[in-house]
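**Q** One letter stands for each residue in the lines below.
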Amino acid sequence: MSAVPAAPHPVSDESAVKLRLLLTPPRPRTGWRIVPARILAMCVVELQKLRHDRTELYTRAVQPALWLLIFGETFTRIRAIPTGGIPYLDYLAPGIIAQSAMFIAIFYGIMIIWERDSGVLTKLLVTPTPRAALVTGKAFAAGVKSVIQAVVVIVIAALLGVALTWNPLRLLGVAVIVVLGSAFFSCLSMSIAGIVLTRDRLMGIGQAITMPLFFGSNALYPVAVMPGWLQAISKVNPLSYEVDALRGLLLRSPSHLGTDYAVLVVAAALGIAAASALLGRLAR
Amino acid sequence: MTAVDAEAEQEKEPEEEQQDEQAVRCDGLEYSFGATRAVDRLDLEVRPGEVFGLLGPNGAGKTTAMRAITTLLPVPAGMVQVFGRDCSREPMAVRRLLGYVPQQLSADSGLTGRENVALFARVFDVSRRERAARVAEALAAVGLTEAADRLAGTYSGGMVRRLELAQALVSAPRLLILDEPTIGLDPIARTSVWECIAQVRAATGMTVLVTTHYMDEADQYCDRVALMHHGRIRALGTPQELKAGLSATGEGDGDPRAVTLEDVFRHYSGSGLDGHGTATEDGGDFRDVRRTRRTASRVG
Numbered sequence: 421m422s423a424v425p426a427a428p429h430p431v432s433d434e435s436a437v438k439l440r441l442l443l444t445p446p447r448p449r450t451g452w453r454i455v456p457a458r459i460l461a462m463c464v465v466e467l468q469k470l471r472h473d474r475t476e477l478y479t480r481a482v483q484p485a486l487w488l489l490i491f492g493e494t495f496t497r498i499r500a501i502p503t504g505g506i507p508y509l510d511y512l513a514p515g516i517i518a519q520s521a522m523f524i525a526i527f528y529g530i531m532i533i534w535e536r537d538s539g540v541l542t543k544l545l546v547t548p549t550p551r552a553a554l555v556t557g558k559a560f561a562a563g564v565k566s567v568i569q570a571v572v573v574i575v576i577a578a579l580l581g582v583a584l585t586w587n588p589l590r591l592l593g594v595a596v597i598v599v600l601g602s603a604f605f606s607c608l609s610m611s612i613a614g615i616v617l618t619r620d621r622l623m624g625i626g627q628a629i630t631m632p633l634f635f636g637s638n639a640l641y642p643v644a645v646m647p648g649w650l651q652a653i654s655k656v657n658p659l660s661y662e663v664d665a666l667r668g669l670l671l672r673s674p675s676h677l678g679t680d681y682a683v684l685v686v687a688a689a690l691g692i693a694a695a696s697a698l699l700g701r702l703a704r
Numbered sequence: 028m029t030a031v032d033a034e035a036e037q038e039k040e041p042e043e044e045q046q047d048e049q050a051v052r053c054d055g056l057e058y059s060f061g062a063t064r065a066v067d068r069l070d071l072e073v074r075p076g077e078v079f080g081l082l083g084p085n086g087a088g089k090t091t092a093m094r095a096i097t098t099l100l101p102v103p104a105g106m107v108q109v110f111g112r113d114c115s116r117e118p119m120a121v122r123r124l125l126g127y128v129p130q131q132l133s134a135d136s137g138l139t140g141r142e143n144v145a146l147f148a149r150v151f152d153v154s155r156r157e158r159a160a161r162v163a164e165a166l167a168a169v170g171l172t173e174a175a176d177r178l179a180g181t182y183s184g185g186m187v188r189r190l191e192l193a194q195a196l197v198s199a200p201r202l203l204i205l206d207e208p209t210i211g212l213d214p215i216a217r218t219s220v221w222e223c224i225a226q227v228r229a230a231t232g233m234t235v236l237v238t239t240h241y242m243d244e245a246d247q248y249c250d251r252v253a254l255m256h257h258g259r260i261r262a263l264g265t266p267q268e269l270k271a272g273l274s275a276t277g278e279g280d281g282d283p284r285a286v287t288l289e290d291v292f293r294h295y296s297g298s299g300l301d302g303h304g305t306a307t308e309d310g311g312d313f314r315d316v317r318r319t320r321r322t323a324s325r326v327g
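Chains H and G are the protein sequences, given in the same order. Numbering of the first sequence is given in our numbering, commencing with residue 421 and proceeding in unit increments. Numbering of the second sequence is given in our numbering, commencing with residue 28 and proceeding in unit increments.
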């Protein structure tokens, strides 16, 4: 067996690889510029994955379609829920947008555990990416995916005859709300992942929290018809603020847009802080 | 100090630094998981430009040491430096010097080879102007130009490993860290991965730190190897030195020329059957073994 000499070999024989660009390291970005660059990188990856495999896009459209078709159509006829004069299907549509966006985001904790197990996360943590930037990148990637999902639900709702706004500014507002909401829920999920550390436990917890979050919000019925204790839960549930904003933007119904945006921004920021702090536990 | 002095000082400094600057320096590194001391006052120096093999049985502390060097673990006691940069005080600066390939096959199967490499170009701040060319060069360096636009999920185990090398190379690291790069690969893929590493090292002069369980690979491709056991280095030198050292003690079987690195490994880490060895077998924690098996099953 031959030994390899310690000194770097000169490139001599023809089979040797020729490297030009890879001899100099790239010029590092510094300071605040790192975060938007990492967010962009994560979002690009998410879009590239969706481009290669659109199955998830189609299968995830089934559930909201069923909610609108079955639950929405039925309760529109029953007229059991006071919606302030608008058809129940219209009232429900923003709630279903928020719900399907949340379901996508809640999956991110499982994804990050999968990435930990497969070495992808470890490898990303050894790049010049601060943990907060990595988490923010993932949160926004969840947001991008949720916006695409929201577009699908809006199209389904429009096909079912829901009178939604087509004002581009309002739709932009919808996208911002969906991104913020998904950022919070994905960070909630990643934080729990950082605590429980295994996929099995997280799946159980994910199942256990998504439905209470959904039913404990104003997605299906107004807060006014809830019992007192559920109203209290709904008050601290960011999903309620997301739904309220979506209703205000899409249906022009009375809402508290200022509060909604503020709550979602604060919730997303807290979520990012918590998930970043707990990410280290996953890396160990 | 005048401006000229300051300038001269500036010019001098990096040179001085370079002289005693080791690629990796661990001084008294300690790390414990609960009551288990995984790394026990480890001193280690890796010289610039060499291929350094870290060997040892499961649970010897290799991976823990690697994780401290890659800034993944905090350094509770002792010091770890990469090219003079402290891993706990300047983790970001250290990471910019590193290319890291973990033990698991970590390429994203939902992306093409090119997209996998481009992601790492992005997170290492390669400018948009240079990105496509750099990514193409990294892919060419590992012989994946033709397969670059296929999904990584369709790659063989050896191809995934080479793709991971390309991911690590795209940022022109000074230190390439490979954690069991050939685990679970067939002999032909193992050779191709090692040839790839050797070629890239030859073209760039980068330092390579590698852990492996395959003694023949360490013997053939590493300039120096360290044998770790119970969190410390028990033997250090070129493969020839270690083999010669063992045959001099007369413990090798028969002919001194027939001593292999595997004999050296057995000598320092126990056969696995004596009292010493029981600890060895228990040493590889469950997660470690499970991860290895999973990697092996994914490689096929």
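Honestly, the hints are just simulated from the structure, not real lab data. Do not rely on the hints blindly, as some may be mistaken.
Claimed, not checked - Ranges between beta-carbon positions, derived for each pair: (1) G:D67 with H:V482: 53 to 63 Å; (2) G:G232 with H:N587: 57 to 67 Å; (3) G:S115 with H:T450: 19 to 29 Å.
Claimed, not checked - A partial selection of chain G residues facing chain H, derived with a Cβ cut-off under 7 Å: (4) F151; (5) R158; (6) A159; (7) A163.
What the hints assert, rightly or not - Only some residues are given here: those of chain G computed to face chain H with a beta carbon under 10 Å: (8) R94; (9) L132; (10) G137; (11) L146; (12) E164; (13) G185; (14) A199; (15) I215; (16) T218.
All C-beta atoms in this analysis are idealised placements derived from N, C-alpha and C, irrespective of residue type, glycine included.
**Q** Each hint: holds or not?
**A** Structure-based check of all given hints:
no.: 1; hint: G:D67 with H:V482: 53 to 63 Å; verdict: holds, 56 Å
no.: 2; hint: G:G232 with H:N587: 57 to 67 Å; verdict: holds, 60 Å
no.: 3; hint: G:S115 with H:T450: 19 to 29 Å; verdict: holds, 21 Å
no.: 4; hint: F151; verdict: holds, 6 Å
no.: 5; hint: R158; verdict: violated, 9 Å
no.: 6; hint: A159; verdict: violated, 10 Å
no.: 7; hint: A163; verdict: violated, 9 Å
no.: 8; hint: R94; verdict: holds, 8 Å
no.: 9; hint: L132; verdict: holds, 7 Å
no.: 10; hint: G137; verdict: holds, 4 Å
no.: 11; hint: L146; verdict: holds, 6 Å
no.: 12; hint: E164; verdict: holds, 5 Å
no.: 13; hint: G185; verdict: violated, 16 Å
no.: 14; hint: A199; verdict: holds, 4 Å
no.: 15; hint: I215; verdict: violated, 17 Å
no.: 16; hint: T218; verdict: violated, 13 Å
In summary, the numbered hints that this structure violates are 5, 6, 7, 13, 15 and 16.
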